[in-house]
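S.K.: Chain residues, written in single-letter form:
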Amino acid sequence: MQKTETIKGAYYDSVTLMLAARELNKLDGVSSSSLSMGTEANIRIMEGGGFDTATLDAAPNDLIIGVLGDDADKLAAALETAKEYLAKQPWKKDSGASDYKPKSLDGALSILPGANLAVVSVAGRYAGDLAESCLKKGLNVMLFSDNVPLEKEIELKKLAREKNLLVMGPDCGTVVIRGKALGMANVCPTGPVGIVAAAGTGLQEAHIQLERRGVGTLHGIGTGGRDVKREVGGLTALAAMEALISDDEIRTLLVVGKPPAPEIEQKIADVARKAGKPVVLGFVGGITADDEPPVYFCSGLEESAAVTAALTLGTCPSDARRELKERDDKFIAEQLAKLGSRRGCLRGLYSGGTLCYEAQLVASAKLGAIRSNAPLDAKMKLADSLTSKGHTIVDYGEDEFTQGKLHPMIDGAFRRERIIAEARDPEVSVILLDVVLGHGCNENPAGIVSSAVGEARSICGDRIAFVASVCGTDADPQNASAQRRILEDAGVVVCASNAQAALLASSLIEGR
Amino acid sequence: MSENSVSSSFDSMLKSGVAVVNFGMERFSSDLKEQGVSVVHVDWRPPAAKSSLLSKLGKLKQNS
Amino acid sequence: MPNIDLEAANREALEKLLNAAPTLIGMGVAREVVPGMKELGEKALLHAGPPITWERMSGPMRGAVMAACMYEGWAADSDEAAKLAESGEIAFDPCHHHHAVGPMAGVTSPSMPVFILENKTHGNRSYVNMNEGLGQVLRMGAFSPEVTDRLRWMEKTLYPTLRDGIAKALQDCGGIDVKNIIAQGLHMGDEMHNRNKAGTSLFLRAIVPYMIEASSDTAALVESIRFIDKNDHFFLNIAMAAAKCSLEAAHGVEGSSMVTVMCRNGTDFGIKVSGLGDEWFTCEAALPDVLLFPGFTKDDVNRDIGDSAIMETYGIGGFALAAAPAIVQFVGGTPADAANFSLEMYEISIGENNIFTLPAFNFRGTATGIDIIKVAETGVTPILDTGAAHKTAGKGQVGAGIVRMPIEAFLNAAEAFVEKYLDE
Numbered sequence: 017m018q019k020t021e022t023i024k025g026a027y028y029d030s031v032t033l034m035l036a037a038r039e040l041n042k043l044d045g046v047s048s049s050s051l052s053m054g055t056e057a058n059i060r061i062m063e064g065g066g067f068d069t070a071t072l073d074a075a076p077n078d079l080i081i082g083v084l085g086d087d088a089d090k091l092a093a094a095l096e097t098a099k100e101y102l103a104k105q106p107w108k109k110d111s112g113a114s115d116y117k118p119k120s121l122d123g124a125l126s127i128l129p130g131a132n133l134a135v136v137s138v139a140g141r142y143a144g145d146l147a148e149s150c151l152k153k154g155l156n157v158m159l160f161s162d163n164v165p166l167e168k169e170i171e172l173k174k175l176a177r178e179k180n181l182l183v184m185g186p187d188c189g190t191v192v193i194r195g196k197a198l199g200m201a202n203v204c205p206t207g208p209v210g211i212v213a214a215a216g217t218g219l220q221e222a223h224i225q226l227e228r229r230g231v232g233t234l235h236g237i238g239t240g241g242r243d244v245k246r247e248v249g250g251l252t253a254l255a256a257m258e259a260l261i262s263d264d265e266i267r268t269l270l271v272v273g274k275p276p277a278p279e280i281e282q283k284i285a286d287v288a289r290k291a292g293k294p295v296v297l298g299f300v301g302g303i304t305a306d307d308e309p310p311v312y313f314c315s316g317l318e319e320s321a322a323v324t325a326a327l328t329l330g331t332c333p334s335d336a337r338r339e340l341k342e343r344d345d346k347f348i349a350e351q352l353a354k355l356g357s358r359r360g361c362l363r364g365l366y367s368g369g370t371l372c373y374e375a376q377l378v379a380s381a382k383l384g385a386i387r388s389n390a391p392l393d394a395k396m397k398l399a400d401s402l403t404s405k406g407h408t409i410v411d412y413g414e415d416e417f418t419q420g421k422l423h424p425m426i427d428g429a430f431r432r433e434r435i436i437a438e439a440r441d442p443e444v445s446v447i448l449l450d451v452v453l454g455h456g457c458n459e460n461p462a463g464i465v466s467s468a469v470g471e472a473r474s475i476c477g478d479r480i481a482f483v484a485s486v487c488g489t490d491a492d493p494q495n496a497s498a499q500r501r502i503l504e505d506a507g508v509v510v511c512a513s514n515a516q517a518a519l520l521a522s523s524l525i526e527g528r
Numbered sequence: 206m207s208e209n210s211v212s213s214s215f216d217s218m219l220k221s222g223v224a225v226v227n228f229g230m231e232r233f234s235s236d237l238k239e240q241g242v243s244v245v246h247v248d249w250r251p252p253a254a255k256s257s258l259l260s261k262l263g264k265l266k267q268n269s
Numbered sequence: 002m003p004n005i006d007l008e009a010a011n012r013e014a015l016e017k018l019l020n021a022a023p024t025l026i027g028m029g030v031a032r033e034v035v036p037g038m039k040e041l042g043e044k045a046l047l048h049a050g051p052p053i054t055w056e057r058m059s060g061p062m063r064g065a066v067m068a069a070c071m072y073e074g075w076a077a078d079s080d081e082a083a084k085l086a087e088s089g090e091i092a093f094d095p096c097h098h099h100h101a102v103g104p105m106a107g108v109t110s111p112s113m114p115v116f117i118l119e120n121k122t123h124g125n126r127s128y129v130n131m132n133e134g135l136g137q138v139l140r141m142g143a144f145s146p147e148v149t150d151r152l153r154w155m156e157k158t159l160y161p162t163l164r165d166g167i168a169k170a171l172q173d174c175g176g177i178d179v180k181n182i183i184a185q186g187l188h189m190g191d192e193m194h195n196r197n198k199a200g201t202s203l204f205l206r207a208i209v210p211y212m213i214e215a216s217s218d219t220a221a222l223v224e225s226i227r228f229i230d231k232n233d234h235f236f237l238n239i240a241m242a243a244a245k246c247s248l249e250a251a252h253g254v255e256g257s258s259m260v261t262v263m264c265r266n267g268t269d270f271g272i273k274v275s276g277l278g279d280e281w282f283t284c285e286a287a288l289p290d291v292l293l294f295p296g297f298t299k300d301d302v303n304r305d306i307g308d309s310a311i312m313e314t315y316g317i318g319g320f321a322l323a324a325a326p327a328i329v330q331f332v333g334g335t336p337a338d339a340a341n342f343s344l345e346m347y348e349i350s351i352g353e354n355n356i357f358t359l360p361a362f363n364f365r366g367t368a369t370g371i372d373i374i375k376v377a378e379t380g381v382t383p384i385l386d387t388g389a390a391h392k393t394a395g396k397g398q399v400g401a402g403i404v405r406m407p408i409e410a411f412l413n414a415a416e417a418f419v420e421k422y423l424d425e
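Protein chains in written order, with this note's numbering: chain L, 17 to 528; chain D, 206 to 269; chain E, 2 to 425.
Don't read these hints as lab results, they were simulated from the structure. None of these values were measured; they are calculated from a predicted model. Any given hint could turn out to be false.
Among the chain D residues that face chain E by a calculated CB cut under 8 Å, a handful are [unchecked claim]:
| # | residue |
| --- | --- |
| 1 | 230 |
| 2 | 232 |
| 3 | 235 |
| 4 | 250 |
| 5 | 252 |
| 6 | 253 |
| 7 | 258 |
| 8 | 259 |
| 9 | 264 |
| 10 | 265 |
| 11 | 268 |
Between beta-carbon pairs, the in silico distance windows are [stated by the list, open to error]:
| # | chain 1 | residue 1 | chain 2 | residue 2 | range |
| --- | --- | --- | --- | --- | --- |
| 12 | L | 308 | D | 220 | 29 to 39 Å |
| 13 | D | 221 | L | 415 | 28 to 38 Å |
| 14 | E | 280 | L | 26 | 54 to 64 Å |
| 15 | E | 77 | L | 30 | 29 to 39 Å |
Note that CB positions come from ideal geometry on N, CA and C, so glycine has one too.
The following block holds chain L by itself, in its conformation from the complex (with noise of 0.2 Å):
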């Protein structure tokens, strides 16, 4: 069936009503569109166009608007959004300036000839190939994606080292460049600390730590997963070390990540005895050596950041780490007499890698061995992800939870979900999170936090205790301080660091 209206004495150039039908034929009920004034020529050609013009009564001053369909009432509707369209042509975008996006390396460097870095997060199976086009050109890379070969990641390496240019990643999400956050990372006041990271949530951890402190950070550079494993020989951790020693803007340099492959601890632990400057070495759950001053070594995040500020400041780093443990002390005593300690598993849901990895080390020295999909121990290692048994710490940033969706740090919904499963189990009685801020994150994960704990007690009643701790500064786009109240409001209890949220969560469980 046809609908048709006339509206006397309306005209529009032909192009508009060309862009008009083309719109109504997108609507659902619109088989075929007209729109056109009452020419004779353009009656005939509505008429090949399926119409019925007998009853048509136009000038051709005068617009037709038609169309075709089956459902009367869609149709009409259709009549009523073509005078729409007419009205606001919405088609139109706004032409304010629209910065020309280049399709291809060469193109963007015509634009900004004065690059210095690629960023890359495209997908793992091109991104080789793109990073090393782009060194070719003289870049440094920055290697967000991940699922890069290991020979590629080799290869890259190698290429850099040649040019004096630097291959940060593959799996590098975290880079700070004279205070600049890139990727995800936090806003921090700049000042003589160059940090060396193989991990994410490690570099932000101790960025923030320092921040804390009144310490600022001039360079985190990232390595990526996978370059202090033997195979890759630390090539890009090295050479950082490298470039940060030999940097005069730079006082104090600390080296954080999950532990290296034991030749590769060596030989950063050799730069750094030769380095000439303070080198703070924290490897999470890595070597525990008394210290050789000014070599440092140190098995937290916090402890890893405190000690590099008393470096920095002058003041004494036994100190710092004597009055970290009182504070936790402390704290951890406080909370015992407010909350209780309790039977009952302790199950962390966490979104940064090395934060997950740091907790299990502390939670494990209470509780003994813990289970997760990325274990200490690879006993320990669940037999399904998303089941947790006894006492869990799961890391949701692991590719099993990012197939086809984005990282936790962006989209918090996953482990949202899995808070309020934990509730319903009786055997929980604490859960522990990490709340990730900076540039690159989620804008309110202590929103997403805080709603799904509010569900969770509706479940759970006082029967769980929710410990967090929130790694981001004021500075931040989420602001630290506010993102804290809301979690604080919702009853998390919300501690200093990662380690201390670990320490507590592991001390409210009834001992062995």
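Using the hints, position chains D and E against chain L.
M.R.: Using the frame of chain L, we list chains D and E on its own:
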């Protein structure tokens, strides 16, 4: 229009700060713009050509 | 094979292209003046795009063939014409094999008058027939009596008037400088593929005094001038031939990856490359996603057709969209989109034009010299703005808009290029 190449090294980037070419997630470009960093976002799509052809073309350009 | 200097070869090809000086020097009858036409036999038809047989031709191309048969008197009606074409008696050959070009179906028959252009820098010539206008026309695949009537009028009246005028111009000042008209037109709202209004006006201005000088037949003059005046696209054919003779001068440069021919026949898309000899690289022609004229739907659209892609090969048309923002409305875009399309083309081109410039880009030269290597590496293919024909012969034009060329032909050419030039 000859092919562009930049001359920088890792050290010079640490000294002068970053000027970025971004491939992939647009949010990284907007985050950098917010911080006042020079950034060009590339409207990148996977190459239509096979990687064997691309590498041969690369060699051809290198040799000449 | 010794290693080539790719950059130097491409620079040479581009320079030859930019230095060409295409000049309109005369007219003649296709049979007499188009090289190789007589040799094809008595019944020969040139067509747009890469080589194709009657069996594979699409509706508009077949319609144009039938119209040409009737115009030539080889057949009395379309049925006879179709039988003749099926019989194999007609020799079909691309215009491009004869230094010629034709828009849309591009069918050029032996009796058709053609323009003759000469590249004054390198000496080579090119040929093209006259543009019939819009509506029921041969090049859109129409074959009604109106079509053949008009073609006969063009042959009997328009042709001699123009021919004699051009001869006078040749005497007086060496002919009509076509490149100059194109350059001016680009500053007056034309991009010289879909918008040729300024170019046609400037051409008319240049040729009319000579036409009048050369003819005392007022009626013929009035008819001819009025005909050209009513046809905004009259200049397109001449501009296409100018592109053709410029690009031919740049063909055959050893080691150059520059495209010198880019065309479609309504079924296939085809290119030739400067450093790859006479080989055609083809694939299926694009299905244009254009803005449709009233009464037509997406199902009516024929695959991309015409030698007019030579304009983009020459660095104008879609490569100069920033000069004709009005065209971009055809994709519901803004002047900023026109600019962005033009900017994209620099990423697949060897260099920039020295004469064709874009006021919108501070008179930057248009992207010129399509590079198959850059197309292969970036995945970006040339964009054209073009008319779309109805897939049924005789139904004419159904719309216009912006179309992306398909990449396969470029990839095939790139494979052939490394095969020939990479020393492994």
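S.K.: Does each hint hold? Answer for all of them.
M.R.: Checked hints:
| no. | hint | in the structure |
| --- | --- | --- |
| 1 | 230 | violated (19 Å) |
| 2 | 232 | violated (22 Å) |
| 3 | 235 | violated (19 Å) |
| 4 | 250 | holds (6 Å) |
| 5 | 252 | holds (5 Å) |
| 6 | 253 | holds (4 Å) |
| 7 | 258 | holds (6 Å) |
| 8 | 259 | holds (7 Å) |
| 9 | 264 | holds (6 Å) |
| 10 | 265 | holds (5 Å) |
| 11 | 268 | holds (5 Å) |
| 12 | L:308 x D:220: 29 to 39 Å | holds (30 Å) |
| 13 | D:221 x L:415: 28 to 38 Å | holds (36 Å) |
| 14 | E:280 x L:26: 54 to 64 Å | holds (56 Å) |
| 15 | E:77 x L:30: 29 to 39 Å | holds (38 Å) |
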